[in-house]
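A.B. asks: Protein chains in written order, with my numbering: chain A, 134 to 245; chain B, 134 to 245.
One or more of the hints may lead you astray.
Identical copies look the same in the list; a pair holds intra-copy or inter-copy alike.
What the hints assert, rightly or not - Cut-off 20 Å, straight-line C-alpha distance, at most; resulting in silico cross-link-like pairs (SDA-like, lysine to any residue):
no. : residue 1 : residue 2
1   : Lys-145   : Gly-199
2   : Lys-167   : Thr-147
3   : Lys-167   : Asn-149
For the record, the hints were derived by calculation from the structure and aren't laboratory data. All of these numbers come straight from a predicted model, not from anything done at the bench.
2 protein chains.
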Amino acid sequence: MPEDAVVLVGQKPTMNYVLATTMPLNEGRTVILKARGRAISKAVDIAEITRRRFFLEASIQSIEIGTWQGESSMDGRPRNVSTIEITVAPTKAPAEKTAKKPTKKPSEKATE
Amino acid sequence: MPEDAVVLVGQKPTMNYVLATTMPLNEGRTVILKARGRAISKAVDIAEITRRRFFLEASIQSIEIGTWQGESSMDGRPRNVSTIEITVAPTKAPAEKTAKKPTKKPSEKATE
Numbered sequence: 134m135p136e137d138a139v140v141l142v143g144q145k146p147t148m149n150y151v152l153a154t155t156m157p158l159n160e161g162r163t164v165i166l167k168a169r170g171r172a173i174s175k176a177v178d179i180a181e182i183t184r185r186r187f188f189l190e191a192s193i194q195s196i197e198i199g200t201w202q203g204e205s206s207m208d209g210r211p212r213n214v215s216t217i218e219i220t221v222a223p224t225k226a227p228a229e230k231t232a233k234k235p236t237k238k239p240s241e242k243a244t245e
Numbered sequence: 134m135p136e137d138a139v140v141l142v143g144q145k146p147t148m149n150y151v152l153a154t155t156m157p158l159n160e161g162r163t164v165i166l167k168a169r170g171r172a173i174s175k176a177v178d179i180a181e182i183t184r185r186r187f188f189l190e191a192s193i194q195s196i197e198i199g200t201w202q203g204e205s206s207m208d209g210r211p212r213n214v215s216t217i218e219i220t221v222a223p224t225k226a227p228a229e230k231t232a233k234k235p236t237k238k239p240s241e242k243a244t245e
């Protein structure tokens, strides 16, 4: 069982994260998109673009939201920041995996 | 069964929506928070603030994401906008509901 890939969504362009999500899916791995605060909207964009344009066999396995209690801001009070975790899983075995079967049985002989 | 309340999350301050979410929960109704684009982060904030500060008996029942194909923008191509729907349900029956049971059975008689 391959390990899940974690993609932390931040300030980079959306397509960077779409690529970072598509690659592990191509290897048959599940991807967990993690984002906080304003990046939450971007994480949803990434999941949607990935499964609608780049990896049609992917499905949203789960979505969880939470609150992250951050460092105290300037006024000394702790900051609460919302978080999201979107788990995207490949629903079909990738090409590499199915290709593991030998294309020709070793016992087969050319009869001509 | 009371009807679900729908809260459309837009440009107003977060606390307006927190109140709009808390009120139906107090009546024992389930609330569906709907948001698009950048308001998605705000919808998650609203769900988290509501269940952590204002209605501790609420739970996230489901979270769904999708894509809304909008009007074509200036360049004539359709716009794709991500969407989210967060369903928040009261986990405890409200006071009004449990009070529906008659406090005294009609067949009961005062024997004294």
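A.B. asks: Against which earlier hints does the structure fall short, listed by number upward?
C.D. replies: 1
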